[in-house]
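Trainee: Residues per chain, in single letters:
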Amino acid sequence: MSISTGNGRLVERPEVHSLLVSETTPDQRVGAAAWVDEQLAAGAKVFYKSRPCDWGGDDPRWLVGPAGSSCARWAFRTGQLEIRDFAEVIDLAGGTTRGLRELQAAEVARGLDEGWPRLAMSQESASRPLADDAEIAEYAEQEAGYDELARRWPLTTLCQLTLAHESSPAAWEIAGLHSGDIVDHQWSAAWSDGRWHVRGELDVTVVGRFSAALDGALRQCLHSEDDPTLRIDASGIEFLDVGSAQSLMLAGYAAARRQRIVVHGARDSVRNVVTAVGRPPSLSFTAETSVPR
Amino acid sequence: MTTTSWAGSSSLEHVGYVYDSTTGFARGVLSQVRAVLGAGGQVSAVVDPGEAETLQDALGPGSAITFTPPAELEDSNSLFFDHLRDVARAPRGLVLAQYSVFGIPDGRLRRGEDDINRQLAHLPVTLICACSTTAASTRLATAHGVHPRLLVDGIVRDNAAYRPADAVVQAGSGTPILGLTFRGPADLHHIRGHVRAVVSAAGLDDAAVDAHVVAVHEAALIVANRLPDRPGAPEPCELDMWATDTAITAEIRAPRSAEIAASSPPPEGLEYVRLFCWHAASFDAAGTYGVRVLTRRSHPRP
Numbered sequence: 001m002s003i004s005t006g007n008g009r010l011v012e013r014p015e016v017h018s019l020l021v022s023e024t025t026p027d028q029r030v031g032a033a034a035w036v037d038e039q040l041a042a043g044a045k046v047f048y049k050s051r052p053c054d055w056g057g058d059d060p061r062w063l064v065g066p067a068g069s070s071c072a073r074w075a076f077r078t079g080q081l082e083i084r085d086f087a088e089v090i091d092l093a094g095g096t097t098r099g100l101r102e103l104q105a106a107e108v109a110r111g112l113d114e115g116w117p118r119l120a121m122s123q124e125s126a127s128r129p130l131a132d133d134a135e136i137a138e139y140a141e142q143e144a145g146y147d148e149l150a151r152r153w154p155l156t157t158l159c160q161l162t163l164a165h166e167s168s169p170a171a172w173e174i175a176g177l178h179s180g181d182i183v184d185h186q187w188s189a190a191w192s193d194g195r196w197h198v199r200g201e202l203d204v205t206v207v208g209r210f211s212a213a214l215d216g217a218l219r220q221c222l223h224s225e226d227d228p229t230l231r232i233d234a235s236g237i238e239f240l241d242v243g244s245a246q247s248l249m250l251a252g253y254a255a256a257r258r259q260r261i262v263v264h265g266a267r268d269s270v271r272n273v274v275t276a277v278g279r280p281p282s283l284s285f286t287a288e289t290s291v292p293r
Numbered sequence: 001m002t003t004t005s006w007a008g009s010s011s012l013e014h015v016g017y018v019y020d021s022t023t024g025f026a027r028g029v030l031s032q033v034r035a036v037l038g039a040g041g042q043v044s045a046v047v048d049p050g051e052a053e054t055l056q057d058a059l060g061p062g063s064a065i066t067f068t069p070p071a072e073l074e075d076s077n078s079l080f081f082d083h084l085r086d087v088a089r090a091p092r093g094l095v096l097a098q099y100s101v102f103g104i105p106d107g108r109l110r111r112g113e114d115d116i117n118r119q120l121a122h123l124p125v126t127l128i129c130a131c132s133t134t135a136a137s138t139r140l141a142t143a144h145g146v147h148p149r150l151l152v153d154g155i156v157r158d159n160a161a162y163r164p165a166d167a168v169v170q171a172g173s174g175t176p177i178l179g180l181t182f183r184g185p186a187d188l189h190h191i192r193g194h195v196r197a198v199v200s201a202a203g204l205d206d207a208a209v210d211a212h213v214v215a216v217h218e219a220a221l222i223v224a225n226r227l228p229d230r231p232g233a234p235e236p237c238e239l240d241m242w243a244t245d246t247a248i249t250a251e252i253r254a255p256r257s258a259e260i261a262a263s264s265p266p267p268e269g270l271e272y273v274r275l276f277c278w279h280a281a282s283f284d285a286a287g288t289y290g291v292r293v294l295t296r297r298s299h300p301r302p
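Going down the list, the protein sequences come from chains D and Z. Counting from 1, position 122 in the first sequence corresponds to residue 122 in the UniProt record's numbering; the numbering is continuous, with no gaps. Counting from 1, position 114 in the second sequence corresponds to residue 114 in the UniProt record's numbering; the numbering is continuous, with no gaps.
It is worth saying that the hints were derived from the structure and are not from the lab. Hints are supplied without guarantee of correctness; some may be wrong.
Said to hold, decoys possible - What follows is a list of derived Cβ distance ranges for each label pair:
| # | chain 1 | residue 1 | chain 2 | residue 2 | range |
| --- | --- | --- | --- | --- | --- |
| 1 | D | Glu-141 | Z | Ala-286 | 28 to 38 Å |
| 2 | D | Glu-238 | Z | Thr-244 | 45 to 55 Å |
| 3 | Z | Pro-176 | D | Pro-26 | 30 to 40 Å |
| 4 | Z | Asp-205 | D | Glu-288 | 21 to 31 Å |
| 5 | Z | Ala-161 | D | Ala-41 | 51 to 61 Å |
| 6 | Z | His-299 | D | Ser-284 | 49 to 59 Å |
| 7 | Z | Ala-71 | D | Glu-288 | 33 to 43 Å |
| 8 | D | Leu-112 | Z | Asn-225 | 19 to 29 Å |
| 9 | D | Gly-236 | Z | Ala-197 | 13 to 23 Å |
| 10 | D | Gly-94 | Z | Asn-225 | 44 to 54 Å |
As the list claims (entries may be wrong) - Residues from chain Z that keep clear of chain D, each with C-beta distances beyond 10 Å, as calculated:
| # | residue |
| --- | --- |
| 11 | Thr-22 |
| 12 | His-194 |
| 13 | Tyr-272 |
Don't be surprised by glycine CBs; every beta carbon is placed ideally from N, CA and C.
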């Protein structure tokens, strides 16, 4: 599976719960439409949740309008693609996370009953403030619901973060909760073989989300039962600027006492920037890139 | 040139000293301190309590060394300069200043060090500035960049990494290899690609290409961050690069924001730019603010 980042770049994704970050609504639509087309072509039934007009979405059914694809329009007519806007979803779910999870489970059950071999869900940026711990916990529970469904059923989920619609704190929380699989303009990250594979170019335009995702990856490792070390496969990092290196340095200082960060396979250029900025004792480099057995 | 004594010198000796531990600190400077005290000169140490204790123990009771509280000197450069003048009495005195005791940002420290070189060059005093190997990389870069000489293994040597404040990076000489306009950080992804392509074609080796790309990126960020804050599209920034047989020069410039005075101190980020090139300097002229980056070829072109 691949995700278009909206700037013409395709990123190969093996994961089932991803976050697509876009700067603007037009960028978001390019990426989302390409993902939906791919799911439809793979034979999946797609459940798409869009922003209503009064949330800054000019047409909740843009996907099957002129901005969408003929494939999506055909799938909408045949029932392979279902679109609901957030107002309708909130109404059906009773405005609760539990209600939302029940709605999603019902959609999965219905899709399977209809005989679809695969299912896919995506939802546009929801403009949740995520300003306090209780709301962040609710959001985390909602996201965990997708993972739970994916463990039981052949479900792929694409969450969307459109920066034009979200506050900086919300973008931080959303990126942190999706550290497992994030596609953000010129960089991406995903877990594979026990390592956090980071690819692309990390600079000032993405450093906030990179820091958030790095924080999320550290937290995920901390909950590991055996070794809490965060192993970053950096062989795919093509550029790292000073601000991004500082994020890595600060993550090293902020990591829990028993936690370490090991950076695997970094290019000399990446290593040099980190070394120049400052490498905390908890952060080390190794040339080794293969996964130990 | 190397030396172990400044007895014959009648001007400022501004020496950098990088040490790795408290005991290493004292061991490295002890012979210099003893030599000055032995000649009847004044020694003032502006150091942390740990280093003060180690020095005092090493010199023994009754030593004439003076420990000057950093708080008496750190409020302004002029207080520190006055202290240097006080110590600069015959016979030649020594001030031992430890970076870590001064709670000032890198930009101000760099400016103060440059001012010492410029304004106090005639002063018959020795100033040893000590920086720990565990200091931030930018502070270590300052220690290496502002001192004409370094104290290494008890011996003072000429410092090849010294970059005088008046070593202005000249732009416009050589063959133009790039001229671009960009409108802010979002364009830097593309700018980096162009810079990489032209400096590779200009013959820099891979490591120098990587470092130059980082230096230009960070310099461009400094300039973009100083753009006037106006509604609408931001003012364009301009990037020009030139190549000679010995170096590659980049100049990034943009209109200066009215809120930023021409006399305002150099931005902190310049210290980071300097980590990745031979020299970098900011300039401010006729309402234009800019940064120039110079990368020297490791092997000059024949």
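Trainee: A separate judgement is required for each hint: does it hold in the structure or not?
Mentor: Each hint, compared with the structure:
1. Against the hinted window of 28 to 38 Å, the Cβ-Cβ separation of D/Glu-141 and Z/Ala-286 comes to about 59 Å, which falls outside the hint.
2. A hinted range of 45 to 55 Å is violated for the C-beta pair D/Glu-238 and Z/Thr-244, which are about 29 Å apart.
3. Distance hint for Z/Pro-176 and D/Pro-26: a CB-CB separation of about 36 Å, consistent with the stated range 30 to 40 Å.
4. In this structure the supplied range 21 to 31 Å holds for Z/Asp-205 paired with D/Glu-288, their Cβ-Cβ distance being about 26 Å.
5. Between Z/Ala-161 and D/Ala-41 the CB atoms are about 59 Å apart, so this pair conforms to the stated range of 51 to 61 Å.
6. Taking 49 to 59 Å as the suggested C-beta distance range, the pair Z/His-299 and D/Ser-284 does not conform, at roughly 33 Å.
7. For the pair Z/Ala-71 and D/Glu-288, the supplied restraint of 33 to 43 Å is violated, since their beta-carbon distance comes to about 49 Å.
8. Separated by about 53 Å at the C-beta atoms, D/Leu-112 and Z/Asn-225 break the suggested range of 19 to 29 Å.
9. Evaluation of the 13 to 23 Å hint for D/Gly-236 and Z/Ala-197 yields a pass: the beta carbon distance comes to about 21 Å.
10. Our hint of 44 to 54 Å for D/Gly-94 and Z/Asn-225 holds, since their Cβ atoms are close to 47 Å apart.
11. Every Cβ of chain D is farther than 10 Å from the Cβ of Z/Thr-22; the closest lies at roughly 19 Å, confirming the non-interface assignment.
12. Here Z/His-194 stays apart from chain D, with its beta-carbon at least about 13 Å from theirs, past the 10 Å limit.
13. The claim that Z/Tyr-272 is not at the interface with chain D is violated, since a C-beta of that chain comes within 10 Å of its own (minimum 5 Å).
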